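Visitor: Take the sequences, apply the hints, and build the full model.
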Amino acid sequence: MTLRAGIKVALAAGLALAVSACWWLWRPGFEQPAIQLRDVAVTGLSAEGGSLLLYLDVYNPNRYEIRTARLHVAIEIEGIHFGDALLESPLRLEARTRTPVQLPLTFTWAGVGAAARGILSRSSVTYDLAGRMLVGTPLGERDVGLRRTGSVSLRNVMR
Numbered sequence: 007m008t009l010r011a012g013i014k015v016a017l018a019a020g021l022a023l024a025v026s027a028c029w030w031l032w033r034p035g036f037e038q039p040a041i042q043l044r045d046v047a048v049t050g051l052s053a054e055g056g057s058l059l060l061y062l063d064v065y066n067p068n069r070y071e072i073r074t075a076r077l078h079v080a081i082e083i084e085g086i087h088f089g090d091a092l093l094e095s096p097l098r099l100e101a102r103t104r105t106p107v108q109l110p111l112t113f114t115w116a117g118v119g120a121a122a123r124g125i126l127s128r129s130s131v132t133y134d135l136a137g138r139m140l141v142g143t144p145l146g147e148r149d150v151g152l153r154r155t156g157s158v159s160l161r162n163v164m165r
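According to our numbering, the sequence shown holds residues 7 to 165 in order.
Simulated from the structure, these hints should not be mistaken for lab results. Among the hints, a few may not be true.
Taking CB as the label site, the calculated pair distances span [stated by the list, open to error]:
| no. | residue 1 | residue 2 | range |
| --- | --- | --- | --- |
| 1 | Ala11 | Leu145 | 28 to 36 Å |
| 2 | Ala116 | Tyr65 | 32 to 40 Å |
| 3 | Thr132 | Ala53 | 48 to 56 Å |
| 4 | Thr132 | Glu94 | 22 to 30 Å |
| 5 | Tyr70 | Ala120 | 35 to 43 Å |
| 6 | Tyr70 | Arg123 | 28 to 36 Å |
| 7 | Thr112 | Leu140 | 17 to 25 Å |
| 8 | Thr112 | Gly146 | 31 to 39 Å |
| 9 | Arg44 | Pro96 | 32 to 40 Å |
| 10 | Leu145 | Thr49 | 33 to 41 Å |
| 11 | Leu145 | Glu100 | 15 to 23 Å |
| 12 | Gly50 | Gly85 | 21 to 29 Å |
| 13 | Leu51 | Glu147 | 37 to 45 Å |
These numbers were taken from a predicted model, which means no experiment stands behind them. Note that the Cβ used here is the ideal one computed from N, Cα and C, for glycine as well.
Guide: This is the structure:
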């Protein structure tokens, strides 16, 4: 075998190895992370509005670590849209692990309406989270949709 033929065989073998490694990571597909609202803390109230701290758990069901570049979440509490929270700092989501995340959110009474004042005095509320996460994987970035509905305790740290 000539040197040129040996190089072609080595390159073909390397390419086959790289493709099979990528296939192993993606076979039957990338599993989307899941999000859960663990707790909500009322961190401030004023005549104009208030601020909340959303305590989330983000679960990575994949066999490998993924990283996020951005996490955007919109939250409704008892059917009222309270606002949107954005985290633009990177998160490292280890394989098959829940990662705690804190997201601050500010709102105005004009935006949420007068009914929201009564909701914030309850000990437990129903919520709906919808959002997007920009996820870095071994094969590049993916824009992943997130959705979760449930009930959560509401900590009023202002009392």
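Visitor: If a hint holds in the structure, say so; if it doesn't, say that too.
Guide: Here is how each hint holds up against the structure:
1. Ala11 <-> Leu145: 28 to 36 Å: Given range 28 to 36 Å: holds, Cβ gap about 31 Å.
2. Ala116 <-> Tyr65: 32 to 40 Å: holds (35 Å)
3. Thr132 <-> Ala53: 48 to 56 Å: violated (27 Å)
4. Thr132 <-> Glu94: 22 to 30 Å: holds (28 Å)
5. Tyr70 <-> Ala120: 35 to 43 Å: violated (48 Å)
6. Tyr70 <-> Arg123: 28 to 36 Å: violated (45 Å)
7. Thr112 <-> Leu140: 17 to 25 Å: Holds - the Cβ-Cβ distance for Thr112 and Leu140, about 22 Å, lies within 17 to 25 Å.
8. Thr112 <-> Gly146: 31 to 39 Å: For Gly146 against Thr112, whose Cβ atoms are near 33 Å apart, the range 31 to 39 Å holds.
9. Arg44 <-> Pro96: 32 to 40 Å: violated (21 Å)
10. Leu145 <-> Thr49: 33 to 41 Å: Holds, since Leu145 and Thr49 (Cβ atoms, about 39 Å apart) stay within the stated range.
11. Leu145 <-> Glu100: 15 to 23 Å: holds (18 Å)
12. Gly50 <-> Gly85: 21 to 29 Å: Holds - the Cβ-Cβ distance for Gly50 and Gly85, about 23 Å, lies within 21 to 29 Å.
13. Leu51 <-> Glu147: 37 to 45 Å: holds (38 Å)
Checked against the numbered hints above, the structure breaks hints 3, 5, 6, 9 and satisfies the rest.
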